Structures are given as structure tokens and as C-alpha cells.
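K.L.:
Mind docking these for me? Both chains are given alone in their own frames, and the hints should help you get the complex.
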Amino acid sequence: MAEVVFDHVTRIYPGNDKPSVDDLNLDIKDGEFLVLVGPSGCGKSTTLRMLAGLEEVNKGRIFIGGKDVTTMQPKDRDIAMVFQNYALYPHMTVADNMGFALKIAGTPKEEIRKRVEEAAKILDLTEFLDRKPKALSGGQRQRVAMGRAIVRKPKVFLMDEPLSNLDAKLRVQTRTQIAALQRQLGVTTLYVTHDQTEALTMGDRIAVIKLGKLQQVGAPTELYDRPANVFVAGFIGSPSMNLNTHPVVDGKAKIGDDTLDLPAEAVNKLTPEDGGKIVVGFRPEDGSLAAPDEPNAFSLKVVNVEDLGSDGYIYGNIITDGSVAETTTLMSDQNKLTTIRVNPRVLPRVGEVVKIKIDPSKMHLFAPSTELRLN
Amino acid sequence: MDTNDQSQLDPRAVNATSVNAEDDTEESKEPEALNITAASSNPKMFTLPWNQPLAMWPDDLLVNLPRGISRHVVRFVRVGDDVYAMKEITRSVAEREYELLRRLRKLDLPTVTPIAVVTGRHDKDGNPLEAMLVTEHLKYSLPYRALFARNLRTDTAERLIDALAVLMVRLHLAGFYWGDVSLSNVLFLRDADAYSAFLVDAETGDLHANLTSGQREYDIDLARTNIIGELMDLSSGELLPSDVDEVEVGNRLVDRYHSLWSALTDVDTFNPDEMWKIEKRVNKLNELGFDVDELEVKTAADGTHVLVRPRVVDAGYASRKLMRLTGLDVQENQARRLLNDLDTYRASTWRQNDDLEVVATDWMREVYEPTVRMIPPEYRSQIEPAQFFHEVLDHRWFLAENAGHDIPMAEAVQSYVKNVLPQYKLDKKAMKDINADADSGVIDDEFTYADDSARGQGAEGEGGGYNPEDDPDAAVWSH
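The listed protein sequences derive, respectively, from chains A and B. Its first residue numbered 1, the first sequence is counted upward by one per residue in our numbering. Its first residue numbered 1, the second sequence is counted upward by one per residue in our numbering.
With the rest of the complex left out, here is chain B (with noise of 0.2 Å):
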């Protein structure tokens, strides 16, 4: 961990964990026997195969999820009653992913949560095995190939870039470098009609007091440049829909992330008969998502204009909001159709002289609950409650415009789980398909690309398999 400013850091990520990333040198050699540091108590850690490489774990312990292309192995365990994502890397990038992740939990930024760093590994003839980095898998988020796989909506990536612009600016504005900006690292979920993004993978990043403009500028710039190749990559494998212009979404990225920094960070000019502007100013950043912990008032020197300043924002506006009213913890726009959902309750039951703390009590009885029970069992790890109700409440009005009436409640989730739930669930071949890509990019491990089965077929043909006889790496490098 660079630590060149820590003094000037956030307390709260500078006390966020014991583990100190070193350098791997003399004095810090990998320990002798297993060592488990970790964030969560799940005595099932310690049962685990440690002493086997990550790609030879039994089946039984993998819970088959979608994965993101990865030059590591990385495998989703079930760990009791938790799902963990196990990533093999060397100890001291496990350490310092940890110690980053760490400290971003604690800044309530939205990552993956680490839950330990695993070293001294040893095989059974006691030969050194990598570290392992442990995070918890984050329920109901998905990797970007596994949204287009499902072909869903042909403004996925647009509503993918959107989602990422905000979580880059998010990072930043906490003073997180990422050094690796893309799609591939990064997790969504589903969040009403948009998406959140996550971040899952720290290696290359640097928390800093603050971002210089170059920093910026180049997560920018690489984010773009990754972005349009991930979606190239997507169109060789006609998984994207045909008239979406790579170039275009990867300049979007660029655009959206620009206005989101100066709505949340420019300073804006009015004169002093125009203080409602302050307001304005307010209401728009709420629209975004975002509150005003602090607002910088000054007056300019020729005393003529006042200039305003957010200084301090935070994400999160609706959802917190929903979360004093109901204690419900939802992604934001999905906390806005909530809230929406709870004024039409509370017009259509009469209550606007009532509390809306005690409406919202009654709301969540009366219509919230009862609905997201009516999620299929075997659906209950797949669609979040809240996605749930958002996505009744889109099928509702579609039936009742079809109609030309209002539908009952109970009607319109019927219909929902029949005719549009089934659409979530990932076909086999699909999900084999998503892992065998995100395998491919591994350049670690020989038990990835020496298995036979996962190469030699398809587009290559004959000779595409790979023979280790045939791949003298070593020969090449001698002429």
C-alpha cells in the first residue's frame, strides 16, 4: 500500500485493517503453515481444501455462478452458509487487495466486502501454493457478459456505462485511484430501471487523500479504451446487439462521467438576489442521487456574486431516505420507485395529513410484504424483493394499459412470475459459455489451460489445441 499521503487520509480507512501489504523480500517471506486473516468468524473456513490449487477443488464445494474474465483463477464456494468468491493470487497482492478493500468498506463506497487473505499455503508434498484472496459474493450482482448473454434490452450497455460513471466518480471523489477501469471489474445489480455497479477488483488501485486531474484523466481515458474493447469483444461473439456503435457507448462513459463530476464539484456563480439558484442547485444533485453534507457559500471579492460550492456529497439520497422510513436497504433507484409507490399509497388512502413514518408502516404491511412473499422459492437468489416489487409495479401498468383498467395487485404478480420472471434464470449452455470465456483469459495456472476439454473444438478447428510439447515459451526467448 502506497502510504506516501496516509496522513492526510479518511480515519476511518486508515484504522480499517491489521493487514499491511509488503513487498515480497527476504525479510517478509510467505509463512511456513496456513494463515487465515480474516473479516468474518465462519468456522467453515477452516475445512476448506487449502492445501489443493483453487482449479482442483471438488465440485461439491463450487456453487456455479457467472464469472468475469480474470488473468487469476477465481471460484465461487459455498462456505456454510455463505458464498464466497476465492481468488489465487501471489501474497502480496492478496494483502494489499484486502487492506484496499478494507478501507473502501469503511469509506461505505460500493465494492465487493473482503473477508480474508489466506497464505502459507502448501500442497500435500509441501510445495508452496498462492495466497487466496476471500470476498463475499455479492447477492444477486452479475458480471456485464452474463446481462448480455440474456439479451434482455438493446440499451443494456448504455444503462451499464451509466451505472459505471457513477461509481468511477463515486471512487474518485473518495480519492481511489483504480489504475484498471472496466467492465470486467466491476459487478451490477439491477436497480429499478438502471443498473449498480461494484467494484470487484482493487490489484492496480491507490487510495489517496486526493485525485490529481491526471489520475482522473487516466482511469478516464482507460476506462474508454477497455470499455469499447470489451464491447468489440462482445460483437465477435454476436452477443451484442447489432446496432450498437462500440466507439459511441465508450465516449459515453467520457460524457456522463464529466457532468456527473462538475454537477457534484463545480462552483457555481449567482448573484446575491438569486439565492433560490442554491436550492436548484440541491434539488438537482438529489435528482442524481447524491446529498449535500456540506455547501461552500462565499461571496466573491467585488462583493457582487455569491459563489456556491458542494463540498462535501454523499450517494445514496433515496435510499437512505427509504431506509429511515421502512429500514428497507435497496439500491437507489430502485429506493425511488419505492418511495414513489408509498406517495400513491399514501394519495390513495388519504393520508397526506398522516406521518409519513407511520404510512410508510402501513405500506410496507399492506402492499410491500405481501407482494415480494410471492417470489417463487426458487427464484428467492436470483431477484432481489426489491427489483421484484419495482419490476410487478412496470408489469401492472402494462397489463392495465392493455386492459384500458387497473389490475389488481395480486393479478399482476401472477402474470409477472409466469410470463417474465422466467427470463432471469441463466440457461446451462449460456453459463458454460460465460465461464469457459472467463477461464480463457487466465495466464497463471497450468490446470486452466491444460485441460483439454475447454480448448481444441470449436472456431479453431483442428490444430487449435494446445499441446504443452508444442509451446516452447522458454526457446522462443533465446534467439
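This is chain A alone, in the form it adopts within the complex (with noise of 0.2 Å):
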């Protein structure tokens, strides 16, 4: 059992001024499955191969099991890549398939079979160890491959987006066996991905890291509810959160003509430096249609609907007055709309002006200067 420790870890690349990761300190508990996400070139590949021992640690130090691993060779660490490698050997058995790295290492038969075979019954594939690998589907060829990882008994499972080169079907389908499988043997996990989804998904927590940088670490739910900066929460959660910037105005949010209710608390947090502005956000599901005399409510104009049958989704450009202030600023690169989720029975018609209110306990704000979070 193990836990993993980046502590003040920094990687600048030979020829580069700016580190790829930036003084990284991270915990990984024992037996926790953490998920590394973030968008490509963040440094996130980076992070798990310093860990891998793959790249060179140029400032701070690796902890696996309270043991200081940062200069140490790859194969010294007991860490497995999961998924980098794994060939299945049409000659061998299921059971030889998994264990051949065993009997490499000198481990004694009756331990390689005794490994085989509990993995075997975690993987649910105890009936088909003595049959070769052309006899199983493809999934229980898959399982297979990640057996010859489990028998190792490492400290520590890496995964590099590890499900990138499967199709669509396969990816939803082999999310959910890795997420079980490292809930059921609780060996630490450290899985990187630039897939959101996937990291809500599977990870006990998630750290979000941009430009080498943490930005913030938590429960899928904690990043969901209360990200920590306007990054966080542009990035996680699909559709991606509504962000806008509005200049605030006697303690409220003005939104062309009109205005929304903010927390004094918050605006009293603001500075100078945000030269009274204030970003929203909401996420499309805590917007909803409101009466057109309703207070607290803004105008969207409905560029687009859909009708899901279960969700209808709203797509408009919130109408402000146009001053160089409130040409809003839209801080979420990933949908340039504003996007309203509702019940698709009364979805309005496209080129409509609707009025929208925000769920006050649902609102996000933030400061424009430094982008972190007020509320």
C-alpha cells in the first residue's frame, strides 16, 4: 500500500524558460484513484511520467510509500503502466498470458498461480484460464491485458490515456471496468486524461492543472459546485459553464437594462483591479425561464433550441447595452452561447427574447483580475 507524494516538484524542458510543471504539490492517498485533467500541454503527461520515473525531476522530491523516489530507475519504483503494453500471445493460455512477467521475475509457481487466479476471479475470467486468447471476445481480451498488470501487485497504477485508441463504444464501456476494478483492489492510481467526462466519472478526486500549474484539487462534486477559479469552472462539466463579465453596479450584476442580485460579501471582495467588474457564472441547468416582469432576471435572445426529449436546451446571446464595459467578455473558450437548460415542453422559438433568472445558491462568481473565486 502506498501513498504518493509531489512534493515542490518542477520540470523545466532544456531550452524552455517556462516549466511544463510549475512547483506541483499533490497528495495521492493510499489506495485513492486520482485523475490528472487538463487540456493539451498542460504538463499533466509530464506530471505521471516524473512519477514513472521517464522524466527528470529538476526541483522538489517524489514520495511512493513515504520512500523518496525522485531519482530512481523506472523499474525500481513498483509502478505499472497500465495499458501501454499489452499484446495478448495466441500460443499461451489466459493463465500463462497473465503470469509470464512472474515467472520472469523468479517468483515461485505456486505464487504466480495463486495471483493468476485471484485476479482471474476479480476479472471474472476463473473459467477461461486454461483456453487461449482466440477463444475470448474482445472485452475478455482486454481484461486479460489488464490481469498481467494486476498479478504484478504494484505500488502504484499509471494511466496515460489509456483509453484514447479505443472506439467510441469501448472507451464508455472500458471507463467503467477501470473505475471498478481500482475500487475493488484499492491499489493507488494516478490516470491522466484531457477528457473531463472522464475524470468525473472515474476519479475519487481530480486535480486540474493548466500551463504546469495546479489550479485546484477535489471531489468530482467539490470541482463541479465550487471551482476554484474561472479555469476550473469553464473546463469541467459538459455543457460547459455560462461565464460572463458584467460591470457591477450599486452592489448588482447590470445586464443591459437590467440588473441581478449579487452577495455582498463577494463584491465587497472585489479590488481595483477588477475596475468594477464581476464575472457570473451559471451552469446551463441552475438557469431558468422567468416571467418578463419577474426582478433578478436577464434578456437572452434564442439563437438556437434542441429538444432531447428528456432536456431542452436554450442557445442565445444575453442582450446588453452594448457599452464597451459589458461587451460581455465571454470567459468559456468551449461554447461562445449561452446555454439554458429546461423542460423541453415550453422551449421558446428561435429570434424570441426571453427573460432568465439564475438559482442565487447556484451562482458563481468570480474576480476578473486574478479569476478566482468570490462566493
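Each statement offered as a hint is correct.
With a Cα cut of at most 16 Å, we get these calculated EDC-like pairs of lysine to aspartate or glutamate: (1) A:K153 to A:E3; (2) A:K301 to A:D257; (3) B:K44 to B:E136; (4) B:K418 to B:E378; (5) A:K153 to A:E117; (6) A:K277 to A:D261; (7) A:K75 to B:D221; (8) A:K103 to B:D221; (9) A:K213 to A:D23; (10) A:K75 to B:E217; (11) A:K103 to B:D245; (12) A:K114 to A:D130; (13) A:K103 to B:E248; (14) A:K357 to A:D257; (15) A:K75 to B:D180.
Some chain A residues flagged as far from chain B (calculated, every beta-carbon gap over 12 Å): (16) R115; (17) N229; (18) G275; (19) P292; (20) S310; (21) V350; (22) G351; (23) V353; (24) L365; (25) A367.
Selected chain A positions facing chain B (in silico; Cβ < 7 Å): (26) P14; (27) G15; (28) E56; (29) Q73; (30) P74; (31) K75; (32) A87; (33) L88; (34) H91; (35) F100; (36) I104; (37) K134; (38) G138; (39) R141; (40) Q142.
What the hints contain is simulated information worked out from the structure, not anything from laboratory work. These figures come from a predicted structure and were not determined experimentally. We put the beta carbon where it would ideally sit given N, CA and C, even for glycine.
P.N.:
Spelled out as C-alpha cells, the structure:
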């Protein structure tokens, strides 16, 4: 059993002035499934490779199970890179396919058989142990490959985009399998992905990283409900959060001719650097249609609607007064239009202007200058 | 593609391709319509049945060549005069691998040549199909399993390992971290008495300015494990000579790699009066098949020692020399053999004082070309001319030793064609077995494992057949 600790870890590639991973502090608890997520080039794979011993650490230290592994060779770290290599051998039985690496390592026969049988039980492959891969389905073949990593009983599993070479159908299926398997085995796992859906569905905790800097670490619901900054707010969740910058007038957000009440404790945290503005965020499911004269609501010009049967989506542009201060700066680049999830039976028509209100307890407020959370 | 240290990469690699692999996200969705990015202008590419899963492509398009074990569906397809290897994978992986292979080719490394990435495939009903990576089939090459099926020599495993060690060192020197070294991810070309290895699968690789020792050690350790596994598998299938010790062969890779790496990169220390040792070092590298492009020579701080280290080395010492003299583009050991024969020819015709270039032209006309013209047409796609020449020379020597006198070249060729060359043919059953083995590793294609004809027979006996109804994968994970 092993806890993993990144202690002020920095990686600067030769020839670069900016670190690819910058002063990273991160604990992965014993048995925990931690997902490291971020956009391309954010340093997530570099982080995993430093833990694997494939990348040098320029500053800081890495510990596995309390042991400093910063300069240790990969094979001495007792880690398994899962799914990097899992060709199945056609002439070997399922049992031999799973246990051959132990045989190479000189593990006694009885011990190999014991570990293979344990793994087969977890993977529901017991009845296939004496068969050859060609008698298996694709899913079973994949599980044999997982078995190969399991029988080694490593301290840590490392998975770098393990689903990227699977088609969409297999990806969803394998995602569930990996998560279930990890919980059964209780092996500390670092999982790297660019896909926030994978992160939300699989991880005990998620660490969001951007440009080499850790943004936030927390349980999926924590990140979803209380994103620490604008980046996390826009990155986690699909469809993504609506994020717009508005002027603050008399303690309220001014949106065109409308105003939105803001909690005083958030407004009080604004500084002169924020230029009298605030970033207001809300998730599509936290907005709803309001009556035409309802206070605390803003106007939206409907550009498109979608009826998915169970849900309806309204896509539109928030109507502002056109002043420079308010030319809504879209902080979320994932979705240029404001998205509202509503009952599909009450969808407005395209071109219509509707009033939208936000559940005040589900409003996310950020300072424009620091992009940090205010409420 | 990991671009963290791209600023340090060789500019040839940086400018190798317009393809830039992206993560599969909302903004970089698969194109709606068929999209082919190709490094070839073969117009026949556009006439292929891209709207069908690769496993269902009609037989008349396919070329029956032995395939290696792969997780994905792979087929050899005839496209005009060319034979291409097609691999069905996800778009991001296809683009990434295409990009990497383009870069490696620009660095003159021994890899297969990427031809195209095909994305935006849909079936007739408009359902999306996986992308395809298209590479050129490496002529005359074979996967390791096909070499063992012929069971030619007992030291085959060792010779393959030696070739793989050379390939790994060359890739590592160029900054390529492989991430999945195995015999399955390599193709082998005969190279005189040895083999040359070519990288075919770069799915897990990364190109860096320089590799860390961790990256190199990981590759070596994984290579060892995979090789031992692959040999154990051959042994289970009774395809490996019984006296081969799998673990020993695996360890040989580690030794070979390290000795070659240190020959190419270590710093030598001499006394200033031992400068002849520099030449010795360079000769040793030439013998290993490497040219020294740059040598760093400096005096140690105490002034009593000279430190020498090769800075830039290029593989292909003999093959470049042969290319200069004859225009022949052949493998390193073949080149060495041909150069030796050229030397013999020069001596036997008393022309030591003539320019080597002039002698080489005559040797081509009088010796090499008449010999390789005698390759029977049915073998022309199976044996490289230079390899044929090398093997005829060997055979001639063998005949001469038995007869106790010299044998004319024409007679040696005839005897070789009649007695030795037929071993090159892979019989139909061996080919079928190899390709069935290759398919039994596929994990992402229902057409492969739903085919009952390839299953349920053989060692598993009754109950071995796969019935999709009995495979409630989803249920397994619900408990």
C-alpha cells in the first residue's frame, strides 16, 4: 500500500524558460484513484512521467510509500504503466498470458498460480484460464491484459490516456471497468486524461492542471459545485458553465437594462484591479425561464433550441446595452453562446427574446483580475 | 504530440508534416466527410471502400502477407502498384502516429514510411467508422513470427535481438522514446547473415531532444520483458527450437544494447602520446556500422590526459560507401559483403591501382547484375537482389568446399535457385496460422472475434467457441 507525494516538484525542459510543471504539491492517498486532467500541453503527462521515472525532476521530490524515488530508475519504483503494452500471446493460455512477467521475475510457481487465480476471479476470467486468447471476446481479451498488470501487485498504477486508442463504444465500457476494478483492488492510481467526463466519472478526486500549474484538487462534486477559479469553472462540466463579465452597479450586476442581485460578501472582495466588474457564472441547469416582468432576471435572444426529449436546451446571446464595459467578455471558450437547460415542453422559438433567472445559491462569482472565486 | 521540448528538436523533424495530432475534444471533432491527408499522390487511394470496416474489405483488394500481432485490425492492401499496410485506429492515435513516423523518416531512421491518415469515415448508413493509418509495406520484410515459422536456423532469435538492439540504440540516439518495444512492433529485413530491424508501431512513442536515462532504461526493461514473453509464446506453440533459453535471449538484448550504447557514447581517456587510439576508436565504430560525424577531443583539467567522445554518429557506414560507388541502396551487412566482393574482384583482376569508382562500375556490369538477373520471377517479390547475391556467394563457397575446387558463378546460381531458394516460400498453412494468430490479439473489432470459423476449433475443443450471447461483459462489472 502506498501514498504518493509530489513535494514542490518542478520540471523545466532544456531550452525552455517556463516550467512544464511548476512547483507541484499533490498527495495521492493510499488506494485513491486520482485523475489529473487538463488541456493539451498542460503538463499532466509530464507529471505522470516524472512519477514513472521517465522524466527528470529539476526541483522538488517525489515519494512513493514514504520512500524518496526522485532519482530512482523506473523498474525499481514498483509501479505499473497500465495499457501501454498488452499484446496477447496466441499460443499461451490466459493464465500464462497473465502470469508470464512473474515467471520472468522468478516468482515461485505456486505464488504465480495463486495471484493469477485471484486476478481471474476479480476479472471474471476463472473459467477461461486454460483457454487461448482466440477463444475470447474483445472485452475478455482486454481484461486479460488488465490481469497482467494486476498480478504484479504494484504499489501504484499509472494510466496515461489509456482509452485514447479505443473507439467510442469500447471507451465508455472500459471506463466503467477500470473504475470498478481499481475500487476492488484498492491500488493507488494516477490517471491522466484531457477528457473532463472521464475525470468526473472515474476519479475519487480530480486535480485540474493548466500551463504546468495545479488549479484545484477535490472530489468531482466539489469541483463541479465550487470551482476555485474561472478556468476550472469552464473546464469541468459538459455542457460547460456560462461565464460572462458584467459591470457592478450599486452592488448589483448590470446586464443591459436588467440587474442581478449579488451577495454583498462577494462584491466586497472586489478590488480596484477588477475595474468595477465581476465574472458571473452559472451552469445550464441552474438557469430557468422567468416571467417578463420578474426582477433579478436578464434578457436572452434565442439563437437555437434543442429538444432531446428528456431535456431541452436554449442557446442564445445575452442582451447587453452595448457599452464597452459590458461587451460580454466570454470567459468560457468552449461555448460561445449562453446555454440554458429547460423543460423541453416550454422551449421558446428561435429569434424570440426571453427572460432568464439564475438560482442564486448556484451562482459562481469570480474576480476579473485574479479569476479567483469570490463566493 | 508532446511538444514540451520541441524548441530543441532537429528542425527536419519539426517541419516534417502538416498533421498535428490533437486530443479528441469538443472542438476537434472527427470531420464529417472523408478526409485523406497523404504523403503520396496515388490516385487509387480515393477509390478504396472507405465506407466499410477494414475487416470486411473484399479479398481481391488484399495482399496475403504475414501480419504481426496487433490490438487493432491490420490488412495489406494493393493500391495501384504499391502495397500499403492499413491499420484501423482512433483518429487522435492515427494522426499522432502519422506525425511521429513522418518525423522519424525525416531523421533517416529505420521505420516504415507513413503514407496517409484517413479520417471522417462513415458506413453506408452514416455511422462513423474509425480512422485509418496507412503506411507503405516494407518490401521483403517479415514479422518475427514468419521467420520462426520457417525454422531456418537455431540462432535466429539471437540475430533478431542483435538487430533490435541496433534499432533501439539508433532511435534513442535520435531522442525517440518508444514506450512499447517488442519483436511484434518491428519488421525484419534479411541483411546478409544478420537482420535489420525497422520500427512499425510508434503508437506509444515520443520524440525528444534528448532522452533521460529513465526513458532509456524503461524501454530496455520493457523490451526484455516483451521479448521473453514473445519467445515463451513461440515456445508454447512449438515454433522455437527447444534449446533456446527465452530469458537468456531477453538478457542478450540488455547486454547488446548497453555495449553498443557505450561504444557510441562513452568518453575515452588517453595519454597525449597515445593519439593512435582515436583512430582505433573510430575504426571500431565503423566495424559496428557507424560513421563518426563529429568527434569531441579535449584535454583534461590536469593537462595529462586527452578525453575523446563521439558527438554525432550516423549508422550505415558501409551502405553509404556502397551507395557512393555503385548507386545500390542496401542494408549495412549486405553492403559490407558486396564491398568485400568488390575488393576480391579488384584483386583478382589486378586492378589495385585503378580508381575504386571505375572498378566498381565494371564489377556491377560483370558480376553483380548478371547474377541478380537470374532471380526467378516468382521470387522477385520475396528476396532482395543484394540478399540473393550474398546468399549465392555463401552457397558458392559451400559448393567449392565440398568439391575441393572453385565453382563458376553461373553454376552456383543455378544450384542455389534449385536447392536453397525454395525455403523462402512460406507455405499456405503457415501463412494462415500466422494471420490467425495476429487476429487473436485484436481487442476492438467485432468482425474479428465474431467470426466463428477462426474459433472453436483446435486445442480449446468443445466450448471454446465464442458466443456473444455468453459474454455479458456489462454484467461482470455490475457486481
